[in-house]
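*Asks:* For reference, the chains in residue letters:
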Amino acid sequence: GDSVTQMEGPVTLSEEAFLTINCTYTATGYPSLFWYVQYPGEGLQLLLKATKADDKGSNKGFEATYRKETTSFHLEKGSVQVSDSAVYFCALSGSTSGTYKYIFGTGTRLKVLA
Amino acid sequence: DAGVIQSPRHEVTEMGQEVTLRCKPISGHNSLFWYRQTMMRGLELLIYFNNNVPIDDSGMPEDRFSAKMPNASFSTLKIQPSEPRDSAVYFCASSPYSEGRQPQHFGDGTRLSIL
Chain H
1 GDSVTQMEGP VTLSEEAFLT INCTYTATGY PSLFWYVQYP GEGLQLLLKA TKADDKGSNK
61 GFEATYRKET TSFHLEKGSV QVSDSAVYFC ALSGSTSGTY KYIFGTGTRL KVLA
Chain R
115 DAGVIQSPRH EVTEMGQEVT LRCKPISGHN SLFWYRQTMM RGLELLIYFN NNVPIDDSGM
175 PEDRFSAKMP NASFSTLKIQ PSEPRDSAVY FCASSPYSEG RQPQHFGDGT RLSIL
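For the record, the sequence lines run as chains H and R. Residues 1 to 114 in my numbering are what the first sequence lists, from first letter to last. Residues 115 to 229 in my numbering are what the second sequence lists, from first letter to last.
Each statement offered as a hint is correct.
Pairs of lysine-lysine, DSBU-like flavour, derived with a Cα cap of 35 Å:
| no. | chain 1 | residue 1 | chain 2 | residue 2 |
| --- | --- | --- | --- | --- |
| 1 | R | K138 | H | K111 |
| 2 | R | K138 | H | K56 |
| 3 | H | K77 | R | K138 |
| 4 | H | K68 | H | K52 |
| 5 | H | K77 | H | K52 |
| 6 | R | K182 | H | K101 |
| 7 | H | K60 | R | K138 |
| 8 | H | K56 | H | K101 |
| 9 | H | K77 | H | K101 |
| 10 | R | K138 | H | K101 |
| 11 | H | K101 | R | K192 |
A few chain R residues that don't get close to chain H, going by computed Cβ distances all over 10 Å:
| no. | residue |
| --- | --- |
| 12 | I140 |
| 13 | N166 |
| 14 | P175 |
| 15 | E176 |
| 16 | D177 |
| 17 | N185 |
| 18 | A202 |
From the derived model, a few chain R residues whose C-beta atoms are all more than 10 Å from chain H:
| no. | residue |
| --- | --- |
| 19 | E125 |
| 20 | E132 |
| 21 | T134 |
| 22 | K138 |
| 23 | P168 |
| 24 | D171 |
| 25 | K182 |
| 26 | T190 |
| 27 | P195 |
| 28 | E197 |
| 29 | P198 |
| 30 | R199 |
| 31 | S201 |
| 32 | L229 |
Simulated from the structure, these hints should not be mistaken for laboratory data. Here the structure is a predicted model, which means the values were calculated and not measured. Quick reminder that beta carbons are idealized off the backbone N, C-alpha and C, glycines included.
Make a model of the complete structure from these sequences and hints.
*Replies:* This is how it looks when you write it as structure tokens:
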């Protein structure tokens, strides 16, 4: 079945450092891919998405490119801030017609130090 | 626009009591999901509704758990009787039905503690 694998955290970085959080997926069809962010005490919020191969999703300085050849959707940001400290979830859905389930990774905790 | 609204935000109750969690999805969204999040298991899908009809409840852990969606703007998740191992954060999420092509929108969750 479909699955998502994220790098384990926690990831600890200094402010202004470059961020990469790896995400790879397994899917039988052509899923949509998402990154969600969860701040303490809150629900998951959509950060960015990509719906087809080579699409690049971007938001708030974060980017991720849908790479079909490597089945990856790595999250990157050039310069992190303390306010980016949160848990990040990679997810996929809709890989085959009629598939409603969203498959979430286990989450990667990011801690940014001032 | 109002997002997904969950209530209560926090619930503390004693083992054996009935617990009812409530969710109001975003207007116009016809898919609704209930999740449970714990440190040990991460995010687990409990049940999925489409157009108010339960489609998949295979994630509901036991018969003590039940969920309803009487109309397009309201859903409940009930635990009766509650047990300490039910302690978790419960999230409701909604999305437009699009076979998963659109993102889900999450509420802020209900933090449930069973003593």
